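Visitor: Listed below are the residues making up each chain.
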Amino acid sequence: MINVLVVAAAAPGRPAVLAESMRRLAEAGAAVTLIVGDDLAYSRRYRTMPGTNGQKLWWRAMGDGKLRTAAARADVLVALDAVAVHTVWQLARRHRGADAVLGLTPALRRVEARAAGGMGLRVRRLLVRGPSVGYVREAVARRVKGYGRAAARHATGSAVQGTRLGRVAWSSALTSLPMPARARLPLARRVADGMARAGYADQAGTTLTAAVRRVPQPRRRARFLSTPALNELTAGRIPTYLHEAAAAELADADALLTGPAPGPAAAAVQRAAKLLFHRVLHYDSLTSPAAEDPAAFLAPWHRSATCRALAAPRGRTGRPAPVPKNRPARLLFLYRINDNFLKVLRDRYAARDDVEVRCVNVHADERLESAAIEPQQYAEHVLGGAPDYVAPVAEALRPHLDWADTVFVDWFSPAAGLLTLLDPGSTRVVVRLHSFEVFDIWPQLADLSRVDDLVFVSEHLRRYARSILPGLDEPGGPRTRVLPHPADLNGFARPKPPSARFALGLIGVSAIAKDPRWAIDVLRRLRAEDERYHLLLIGADLRGDTSAAARRYRRAYEEDLAELEPVGAVRRLGQTDDVPRALTEVGTVLSSSVRESFHWGLAEGAASHAVPVVRDWPFFPGAAAQLFPPEWVAADPAAAAARILAATATEEAWRKAGAEAAAHAMATWDQSVTASAYDRLFGVSGLPTN
Amino acid sequence: MRVRSGWRLTGPRRRAEGRPHAYYLAIGFPPAAKSCAYRMRETANQLYAYGWDVTVITIRQESWEREFGLDHTLSEAVHPAIRIVELPLVRDDLLTDLRQFSKERSLDPARWIRERRAKDLTVFPEPVFGGWRPVLEEAILELHRKDPADLLVTTCVPYVNIAATLRLHEVAGVPYAVDFRDGWSIDVIGGAEAFPPDSEAGRWEARLLRGATKFWCVNEPIADHYRARYPELGPKIEVVRNGFDPDSVPARTRTPDPANLIFGYLGSVNFKADFLATMLDAWRAARAADPLIARATLDFRGHIGAGATREDTAHVELLRAAAGDGVRFGGAVPKTRVAETYGGWDVLALVLVGGRYVTSGKVYEVAASGLPVLSVHDADHDACTVLSGNPLWTGVAAPIAERIRRAARLALDATPEQRAEARRTAARYQRAAQIAPAVARLSEAVRERAAA
Chain G
-17 MINVLVVAAA APGRPAVLAE SMRRLAEAGA AVTLIVGDDL AYSRRYRTMP GTNGQKLWWR
43 AMGDGKLRTA AARADVLVAL DAVAVHTVWQ LARRHRGADA VLGLTPALRR VEARAAGGMG
103 LRVRRLLVRG PSVGYVREAV ARRVKGYGRA AARHATGSAV QGTRLGRVAW SSALTSLPMP
163 ARARLPLARR VADGMARAGY ADQAGTTLTA AVRRVPQPRR RARFLSTPAL NELTAGRIPT
223 YLHEAAAAEL ADADALLTGP APGPAAAAVQ RAAKLLFHRV LHYDSLTSPA AEDPAAFLAP
283 WHRSATCRAL AAPRGRTGRP APVPKNRPAR LLFLYRINDN FLKVLRDRYA ARDDVEVRCV
343 NVHADERLES AAIEPQQYAE HVLGGAPDYV APVAEALRPH LDWADTVFVD WFSPAAGLLT
403 LLDPGSTRVV VRLHSFEVFD IWPQLADLSR VDDLVFVSEH LRRYARSILP GLDEPGGPRT
463 RVLPHPADLN GFARPKPPSA RFALGLIGVS AIAKDPRWAI DVLRRLRAED ERYHLLLIGA
523 DLRGDTSAAA RRYRRAYEED LAELEPVGAV RRLGQTDDVP RALTEVGTVL SSSVRESFHW
583 GLAEGAASHA VPVVRDWPFF PGAAAQLFPP EWVAADPAAA AARILAATAT EEAWRKAGAE
643 AAAHAMATWD QSVTASAYDR LFGVSGLPTN
Chain U
2 MRVRSGWRLT GPRRRAEGRP HAYYLAIGFP PAAKSCAYRM RETANQLYAY GWDVTVITIR
62 QESWEREFGL DHTLSEAVHP AIRIVELPLV RDDLLTDLRQ FSKERSLDPA RWIRERRAKD
122 LTVFPEPVFG GWRPVLEEAI LELHRKDPAD LLVTTCVPYV NIAATLRLHE VAGVPYAVDF
182 RDGWSIDVIG GAEAFPPDSE AGRWEARLLR GATKFWCVNE PIADHYRARY PELGPKIEVV
242 RNGFDPDSVP ARTRTPDPAN LIFGYLGSVN FKADFLATML DAWRAARAAD PLIARATLDF
302 RGHIGAGATR EDTAHVELLR AAAGDGVRFG GAVPKTRVAE TYGGWDVLAL VLVGGRYVTS
362 GKVYEVAASG LPVLSVHDAD HDACTVLSGN PLWTGVAAPI AERIRRAARL ALDATPEQRA
422 EARRTAARYQ RAAQIAPAVA RLSEAVRERA AA
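Chains G and U, in that order, are what the protein sequence lines are. Numbers -17 to 672, taken from this note's numbering, label the letters of the first sequence in order. Numbers 2 to 453, taken from this note's numbering, label the letters of the second sequence in order.
I should point out that these hints are in silico values taken from the structure, not numbers from a laboratory. There could be a bad hint or two in this list.
As the list claims (entries may be wrong) - Some chain U residues flagged as far from chain G (calculated, every beta-carbon gap over 10 Å):
1) R146
2) R208
3) E239
4) E312
5) A402
What the hints assert, rightly or not - To give an idea of the interface, some chain U residues facing chain G are shown, with a C-beta separation under 7 Å as derived from the structure:
6) S107
7) D109
8) V317
9) R321
10) V354
What the hints assert, rightly or not - A short list of chain G residues far from chain U (calculated; beta carbon distances all over 12 Å):
11) L0
12) A82
13) P210
All figures in this text were calculated on a predicted structure; none of them were measured in a lab. We treat Cβ as the ideally placed atom computed from N, Cα and C, and that holds for glycine.
Here chain U stands alone, though its shape is the one from the complex (with noise of 0.2 Å):
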């Protein structure tokens, strides 16, 4: 395969014989640090396990360096025969650089910002991303035309896929399969209605869908949201969850020291400061009446804030002026040193927005631990779907103070059957065992498709 003068290729350059071949829009694939990585690398890698010829379609990697950076411990497990094309498409909101700023985005930056996110929207009614669909779109029937695809899988976000995956079936006819993931036409942070069918969102969306293969959400809520939408797509609506890699989950646990207890967080912030307060305060509380938490340490790690706000968010605030109250914030951990950090820790916390329409990703993998799990969120929020049955899970019935105490003593007295049946519990959230059964059952789907 050549690509044209700006695309990046990585991987094999010549298709493997005799294996169908599968375009996967992936834009947040490997290298990418974001959540989102670890979920489409098992696809990619689950796609060219069932024997499909692999092609990944996703961004320049510097378009990362903008918002959480780059983890390239994340490409490491990527299957060295799956291809990799970079289209070079970046977000221009997130640039950093003030010498490629024009002088009239550096007169007034945030008027620059609007305007740009209104003319997205005249593209494609997605702000920030919307822009991208001519590219998008020129480029995945430029790709089909030279190396055709017998099957196209999308992920959103960013929705734009949407535009692509469309003009390929409709252009080309090639059948689609869409892991939306999150969805769009449901808020899972609010639980309503994020647009109408007959919006333009909503128009889109129902093209989209009907003309699937197969069709991906994370979990039973979200997919009742599509059933409900959508009666007529029922067979087609799969739950696929995010799982947990095993490879992040620590071999071993540290003994806990009672003088000194480790909280951890790790994950991207994408909470709102209030709801950091919140916790920060039941913190404190709980410092106030348990010698045990006054002589423990939260430490945050993760992704907080992207481009010029990166690391510099009122979160960061929050969290550096509550070093007196033994919170730490060490920044981001790559994807190779994430079950080191887990065994450096004797409680994980489990922050979350959200109610019954979030799963999470990391729940899995913290479930999968074998720490207690402090957990800081609603209490009809999926992740309990997850940790029920856990016997290190702290639940949410308590004030979050006293999940904290309880936190404590739970690392304190775990007994190693506690730890084996948490471990246990949650061992069949394995990414592989979630996403390699959805990955047959559609490639089966497009496979009678073309037979018929």
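This is chain G alone, in the form it adopts within the complex (with noise of 0.2 Å):
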């Protein structure tokens, strides 16, 4: 005889189907007892208690006496519902001589199969007696449970971290022992966090990127260093396994760029693009990753079948046309809420009949600012995917792109990034690229073979650009110029009273990329001989508040000035309109920054007679004494104090010295010097003015 248990939550809702069933079981040889949960003991206190139903069928039946009778004797173990399965499944690791099933058909099966199994199954029965292992184990381990998270916690800690031989023993056993990732990965993490905590960042670094080596999946690779990498620079620390998160998250890019939408792949790569253009790598900090070699830096960009995807160039029906002798030229800037570069353009070719100028603010059309903001849907489109991204911007730039002969975008930013999404057709395309873009997304989105004319403001910057925009090399790609601002300096050279020869100017403080500690630090070699030195900070104040890393240095600087400046030593002015003005009392203009591509408030402080100080920018070192007379260039701020001391050491040498500047100012940047660069680029010169 086969014994078998049929457990049902309810009482069964196809009588006939039962029937025929019990018949067909008992014509095999089954002995059946239904049990249906109707029939347990009712308790308020399991019906109460959060569970589902399944747990709080199996909290009844464990009290009922004929069902562990009928358990302990059955052959064939049945859920006849859903709600069953939990029952019976328990029921199934206390008894493991049992079959356990779920449904009727598949009980015959097995009671068909005892039937023809004979003895075997029999003395197998007999043999087989008691509860699961796993079941035990189970048991055991609720019991040790308290005892065995307490004792992780304290291997995996910091006390244990701070010993070499804890380290060694931990990223060896990481490393080298077989264990799922979904071990492997929370353990790894729990290890660094508890050498990072003991002071060795390096080491939990090289720990958490050889333990993800060993884990297959390139998705699990990518969220499980990329997300703690995004946290670190969030606290304001560069992670030491920055390149490994962002390769992990491009290699998971290309893994999905075989999928059906380019959406993933997309995001994944944006993941990667927060990691390396993160502005606590590049902004607030006044070093980068990126300074010594930044084509090794980006590599891992460059390599990405998707970002290689995702630069491809996508070509123009046709070439940018001279501009027709017939009528004006016709000029379109295009930007994105910063033109502060562009009024002195906007003026001089808005004054001219012949020709014709519109401004477009990117920021200002809602259809274009909307898609400037999701660079992520600007690749999935690139890719293939966000079919409904273009149309709005096209309907928002194309009449423009259509109208213009020249079309002149200031700032690598987003505003480019959309004009490239368009087929130019016949029109020009001049980009320029101050500084800071290098450090962003947007020209590694940007199609470069839709640009005619890359124009930088540095040699620098353009050497830079080169070395992280492959695409610049290619066929195809714009044309690359080095063309001065054409910064209007007229104004700027007023009388200075003597006092002025003590006081040194800094124009633009506010990124932490302008270093005023550097100047701050010059300030004080300066006042060590000369009590009569102070630093005027003009423009608005260091911004302190995008990141831990900006935090830092601002409170830094905050305590320089809690020094400094109830002693008259530093002066803030703030933001102002008028910089000439605010020049008339600067004796010495400085350029402390760590980087830049030309630094206009330097050539506008010059241009007032201010005798400059140029800091060897520390980020493209050289660059600062190929732009300028060599002798306004310092390498540090002893050899910065010892120049101003020389040139302001009596008043006639400081201003003789501030009308030379003055002069090369004017005879070098100027626009009446340089616009006429401007005019070739634009198809322009020659044409009559009025």
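Can you join these two chains into the complex? Each is in its own frame, and there are hints to help.
Guide: See below:
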């Protein structure tokens, strides 16, 4: 006789099927016990306890003697419905000799198999008794779980990781022991946290990356590294495994690229971009991991098939046509928010009869701005998805693009990216890259085959851009030109009072890259010689809210000012619309930045007859000496202080040095000298002006 | 050919010399007791007959035991030179062995399945099967590395096969044909678009069809849907009807006994219980109105339910509860006994869902049986295309109860000439006659492409 226990949560809903199944089971030699949940003892306690219906049925079944007896005797345990599954599952763990199935037909098959199996199955039933190993292990584990967790926490904690032996042992275990990713990765994170807390951040990074290499799934690798890497950056720290994290995301993007939709690949690229172009790396620190070898820094990006697909030239249907002779040249200025450097050009060409000018601010057009803030969707669109992305952009830009002979995009910002979504046809596209954009995603996303000329304001930026934009040197890439910005330096040369001789001036201090603390260092050295020296900070104050790294710098800067402002050594003049007037008080104008593309504030200071002193920008060593007369450049604060002391030793010497600087500035950078290069660029040179 | 651990290879291990190599991705290939197995078997045999060395890729036999079971008699007619690779994929949702359930699954089986299906959809837009994508892609690439393919023929369902097909095509440039059978972007039952072109599934389908050398479907309405949706694919789209196997048709029909006419239905029950209830109500009405039917029997044979609900569904309850009305349910019939089963009946019931986009596979053998055909389906059903001209067909104009009575009269009154005419009308739908020309056209297209 084969004993069958059928458990149903409620009265079976298909009586005819049940009756037929019972008949067939009996025919196959089974004695069937049917237990329905309604027959089990009611318990208010279990009804109100949180749990699934399946769990509640089991709690009630546990207390039912009849069910326990039938289960102990059963050869086949059957759940008749989904709610009864957990009860039968629990019974099966306690009675290893029985089959446990869901459904009547599977039950009949087991009964038939047992009937056909004869003695063998009966012997097995005698030998295989009692609960399963899994059940026993779980019961024991429940008791020791509390101790186990505490032990694991202790073993991976900072106390253990503070010892060399602990670190070596855990690193070795994580990289050599076979274990599933779901166990390896959380453990690696806990160990790495312990190492970091113990002061071994580098080793923590190495441990994480070594552990993650054992994980075959690109997506899992990527998430595991990129999430903590981003957290580290948000906290203002540069993770040692930044590159591995970005490379893992890009590998994931490449794996996803073969999928049906490009959205996930674009999302992975965006996550990689958030890491590689994070402001903590490039804007909120005085150094950048990209400074030394920019090409190597972005190598994972450029190796990625997805990023190569993003940068692939989409081509154009026409070539730029010359400006027709029978009508004014049409010039479109395109920018997003910042038109500080456009004003001179806009005024110059708006005043001419032979040029028609239009200006479009991407930020002011909702269709464009919506697209500008979605680089991920941009990428998805370029990869073949996000079909609705481009229509509003085309609707907003196409009429202007078709109208213009030349489009001049100031800053290599989203404005440039969006423009290159459209085939420019016969319109010439000129983009001017200033500086910070090289640390942004947009030059990497834009289609360089649709840019005819890429203008830089200095040679070192062109050099840097070529190292991070392989498309610049490829056939079909844009011509690159270095053109000084045509600044209007007229009006800066105003009389300075004698007291200005001891005033250092810094124009623009809002960004960490301006490094005002370098200027403060120079100031301290000067004041050690002569307390009349003081520093004027012109422009909006330092922003320290962009990241934890920026906040750290800002705190140190505030501490400096707390010491120097009360004694009059530093004055913050704040934002002003009248820079020439503010400069009348400045005797020495500084460029203390870690990097600049040009530093127009310095040129304005020089034009005002202040003595220029330029830090050898550490990000671009030697670049300042190529842009400015070498004697203006100082290798360090000591050299800067020495130059200032010498140049301001007497009022006469100071005024003479100032006059020479002003003459150089006017002869080199004033628009009267430099703007004609833009006339040629726009193809309007030689035409009459009013 | 050596296959990795966990896979199973049956058939010749060495490649046949001098024959180009075709992989046939056919999940549901014999011995799976599924209705699609007949078409798959014929396709593989025809590929071999046309000169291809054929390797079928399917899933482990044991997987089918969870669904409709196995029918080893189906495998008997697979050409012995065809090799079959079985991949270790199973339908987890149909698992009935509770010892293999996780605790989490045991606590809430329905939720576990919901979550599994949601997870499947993140891998490929097809519930249940979507999660097979990585294994299928990896397997097909590995097989190609070991034994390079000259052609891949893929048949859907499951649609996840699309991912593996495109992967092989995109990585190795292997040309492929798709036997899409009932299509994907058309809901053949409801007659509406199943998903828009810009959905994830829509993009997969478009990619698949654009790259295909040939694209087959089972009837003209489905082909028309695809011609309208992808006008540029026109010449690639071919109708390859299911047809019938001559050995499924009874050589002789029995002499009807007016005291016990036997109506029979054979096929997988994939219609709703309500539909069955409507038919049973009509059966009862006919019995009340006609003593001939009151003495008759209605035999239901075929697969109903899978996994835990195998033969434990509302349909089976309706059939069992109708035992007093002369209704019997006898379970599935092995392929080799199909003709014998038909031979024991006087009238064949053709119970079908859907409309103009559904033809069904059963209609062909029913039409060719020489027995009266009782149609229980919509008037605009594509089965009518196959049955029109059959002198023993009840048509679909009258109410079902009337059709039942008419079928009984036809059974009693049918002349040998009418039976012969019915068989003749359907003869053109022999399965080989449907599939062989399509395989020939595909093979030539591949050769032309290779030569170009």
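Visitor: Please write out, lowest number first, the hints stated earlier that are contradicted by the structure.
Guide: When the structure is compared with the hints, numbers 2, 4, 10, 11, 12 turn out to be violated.
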